[in-house]
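Trainee: All chains should be built: construct the whole structure from the sequences, respecting the hints.
So for the sequence shown, the UniProt record's numbering puts the first residue at 1; every next one is plus one.
Think of the hints as simulated: they come from the structure by calculation, not from any bench. The structure displayed is predicted, hence computed values, not measured ones. Cβ coordinates follow ideal geometry from the N, Cα and C atoms, glycine included. One thing to keep in mind: the hints can contain errors.
What the hints assert, rightly or not - Derived BS3-like pairs (lysine-lysine); straight-line CA-CA distance at most 25 Å: (1) LYS358 / LYS384; (2) LYS67 / LYS49; (3) LYS275 / LYS217.
Claimed, not checked - DEER-style ranges, computed between Cβ atoms: (4) LYS16 / ARG66: 46 to 56 Å; (5) THR215 / ASP282: 40 to 50 Å; (6) LEU518 / GLU447: 32 to 42 Å; (7) ILE314 / ASN76: 49 to 59 Å; (8) PRO341 / GLY444: 34 to 44 Å; (9) PRO297 / LYS377: 22 to 32 Å; (10) GLY197 / VAL263: 19 to 29 Å; (11) PRO145 / LYS55: 45 to 55 Å; (12) MET464 / GLN371: 28 to 38 Å; (13) GLY444 / LYS470: 19 to 29 Å; (14) GLU95 / GLU30: 45 to 55 Å.
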Amino acid sequence: MASTAAGKQRIPKVAKVKNKAPAEIQITAEQLLREAKERELELLPPPPKQKITDKEELNDYKLRKRKAFEDNIRKNRTVISNWIKYAQWEESLEEVQRARSIYERALDVEHRNVTLWLKYAEMEMKNRQINHARNIWDRAITILPRANQFWYKYTYMEEMLGNPAVKNWIKYARFEERHGYIAHSRKVYERAVEFFGEDHIEENLFVAFAKFEETQKEFERARVIYKYSLDRIPKQEAQELFKHYTMFEKKFGDRRGIEDVIVSKRRFQYEEEVKANPHNYDAWFDYLRLVENDADPDTVRDVYERAIANIPPIQEKRHWRRYIYLWINYALYEELEVKDPERTRQVYQACLDLIPHKKFTFAKIWLLYAQFEIRQKSLQAARKTMGMAIGKCPKNKLLKGYIELELQLREFDRCRKLYEKYLEFSPENCTTWIKFAELETILGDSERARAIFELAIGQPRLDMPEVLWKSYIDFEIEQEEYENTRNLYKRLLQRTQHVKVWISSAKFELSVEDPERLQRCRQVFEEANKSLRNCEQKEERLLLLESWRDFEREFGSDATIERVRKLLPEKVKKRRKLTAEDGSDAGWEEYYDYIFPEDAANQPNRKLLAMVKLWKKQQIEEDAPERAPEEEETSTAAGKQAASPDTDTNAAQEHKPEITYDDRDDEDSSSSSESDSRGEDGGEKESKPSEDVQKD
1 MASTAAGKQR IPKVAKVKNK APAEIQITAE QLLREAKERE LELLPPPPKQ
51 KITDKEELND YKLRKRKAFE DNIRKNRTVI SNWIKYAQWE ESLEEVQRAR
101 SIYERALDVE HRNVTLWLKY AEMEMKNRQI NHARNIWDRA ITILPRANQF
151 WYKYTYMEEM LGNPAVKNWI KYARFEERHG YIAHSRKVYE RAVEFFGEDH
201 IEENLFVAFA KFEETQKEFE RARVIYKYSL DRIPKQEAQE LFKHYTMFEK
251 KFGDRRGIED VIVSKRRFQY EEEVKANPHN YDAWFDYLRL VENDADPDTV
301 RDVYERAIAN IPPIQEKRHW RRYIYLWINY ALYEELEVKD PERTRQVYQA
351 CLDLIPHKKF TFAKIWLLYA QFEIRQKSLQ AARKTMGMAI GKCPKNKLLK
401 GYIELELQLR EFDRCRKLYE KYLEFSPENC TTWIKFAELE TILGDSERAR
451 AIFELAIGQP RLDMPEVLWK SYIDFEIEQE EYENTRNLYK RLLQRTQHVK
501 VWISSAKFEL SVEDPERLQR CRQVFEEANK SLRNCEQKEE RLLLLESWRD
551 FEREFGSDAT IERVRKLLPE KVKKRRKLTA EDGSDAGWEE YYDYIFPEDA
601 ANQPNRKLLA MVKLWKKQQI EEDAPERAPE EEETSTAAGK QAASPDTDTN
651 AAQEHKPEIT YDDRDDEDSS SSSESDSRGE DGGEKESKPS EDVQKD
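Mentor: Now the structure itself:
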């Protein structure tokens, strides 16, 4: 009846639209979406987390989760991740049968999905369902025979099942030991070591084996087991083995055994450092020092070869400075420790082939190689090596080393040729010219030495000309050629008017055993003073006069001392205007200047300054009659001293006080003098006119 009624129910007619013209107000899709968004109900907050306290709540939770998973699967049946999440959730609840059912349902939907098969098989393996896992792998490789992952996983599972775990071998051996079958227990351990081999070696097996031998008082066997395992197990996996070996040596070993353990640990640390950073050459040096003390030559060579294989990535000398010492130490080890000269020669040659000589070189490598050949009594090879070095990359250290080598062999003709080659390469090197001249002096050929010095001082460019001239002068003094020395000083003074040259010339004249030496020395000082009179560096002139004064004090008379004393300058504080970089006024700066009595140009200014100060003093005395009697007496004494300026001239010249002098324009001289006489706090300083007049 119901179906009949439903069949007879009429479908509502579609209303006929009489006016098909477009509406005046059009509705856009944006308006529809905006209205829908405005009418959307607020999202409900997530339910609070609930803590399951009994079985009923757990069942309710399971029911809700299963319903949610089933709804997801129903909505998106082909999305395999939903199936996998569902099955993994059931597996987490230890509902293996339900998880298995879910995987089977998923395989009905998508049986060619590789991930689904892998997850299914892994679940069975986790739950130790080996037969179920085998069945799944068989089905998978039958349906998808070209999926390599299935074969790899299946093979790995069977391999793992065919290899008993290490702990089972240990349990077996301990079972035999516990029941008194010591020989059987040892055989079990030996079978286990042989079974696992060196590819799948385990430290726990060797620790147990060594402890077994230790309990049986077989200490040498235990030590051999520890060493065997440490040589074969990767160091990062042998921490426990190191620990037990250290404890064993502390209990039953001697000092040598304990040191071996410590060395093994340090070797492990160095290995880790050089693996982390192969270009850490300091770690390589420490590692090599360690193995050189304890290891055999083959092991040391192996470490050296590994170290020198880490060539610096950048061809710049600063990156090679540490690296090159690896080669040097390697060659010295082969020569001194192993005593293998042929291999040492190969090391040197390999190192020289590796260095990019067009960019830089290391002179010490060439020199060490040549010295090694000399120790092997192969002088021709040493000279050939040094000649090759100079031809490829001539540098100062190489040439110096080659010259020293020939000097030790007393080959002076070769030394001359090398010096000539050196000076062609570097004519500005004063040290080379001096050494060449010294060689000729030692050989007794002073004319050649003098000619070398003449060539040297005639060079247009020198790095240390003052050293060269000093050596030439010292050479002539040693040869007692005093006229040549005087000529040298004259030639040098034509090039430079440095005060030290004048003082040195005066000291030379003083050192010559000659009745006129004092007069000659005094004449040099006179010429120097005249020459430096126009010098801008007044400190140099002061230094000359002080040296002259010291000379007169030692060798002169009172008249000559007084004469030099009158030439000494007085130290004057002046001020000058500073200008900033932008041209603005930056204030005033105080500085010290020296005023020499011989400089007549400064006399009017000095006299004017003294008169201004005297006038200022008189103004102060007139304006302040109420001052204390002590001050009046002081001012009276000062006036008397000003009235007699010629008294005690020597003392005034010996102790010249500082006066303040302003380097401003002549029009402002009076105002500047007034400002100079004021103190820092705005008060007026009390000047000493007697001393100023005395100076004038």
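Trainee: Would you mind marking each hint as holding or not holding in the structure?
Mentor: Hint check results:
For a cut-off of 25 Å, the pair hint linking LYS358 to LYS384 stands: about 19 Å separates their Cα positions. Distance check on the hinted pair: LYS67 and LYS49 sit about 19 Å apart at the alpha-carbon level, within 25 Å; holds. With a C-alpha separation of about 39 Å, the suggested pair LYS275 and LYS217 falls outside the 25 Å cut-off, and the hint is violated. Between LYS16 and ARG66 the CB atoms are about 52 Å apart, so this pair conforms to the stated range of 46 to 56 Å.
A C-beta distance of roughly 44 Å is found between THR215 and ASP282, which places it inside the suggested range of 40 to 50 Å. Between LEU518 and GLU447 the C-beta distance comes to about 33 Å, which sits within the given range of 32 to 42 Å. For ILE314 paired with ASN76, a C-beta distance near 57 Å keeps the hint of 49 to 59 Å intact. For PRO341 and GLY444, the Cβ-Cβ distance of about 40 Å falls inside the hinted range of 34 to 44 Å, so the restraint holds.
Taken as a hint, the range 22 to 32 Å holds for the pair PRO297 and LYS377, whose Cβ atoms sit roughly 24 Å apart. Roughly 27 Å separates the CB atoms of GLY197 and VAL263, a value that falls within the hinted 19 to 29 Å. For the pair PRO145 and LYS55, the supplied restraint of 45 to 55 Å holds, since their beta-carbon distance comes to about 47 Å. Distance hint check: the CB atoms of MET464 and GLN371 are about 29 Å apart, consistent with the given range 28 to 38 Å.
Distance hint check for GLY444 and LYS470: the Cβ-Cβ separation is about 22 Å, which falls inside the suggested range of 19 to 29 Å. Roughly 50 Å separates the CB atoms of GLU95 and GLU30, a value that falls within the hinted 45 to 55 Å.
Checked against the numbered hints given earlier, the structure breaks only hint 3 and satisfies all the rest.
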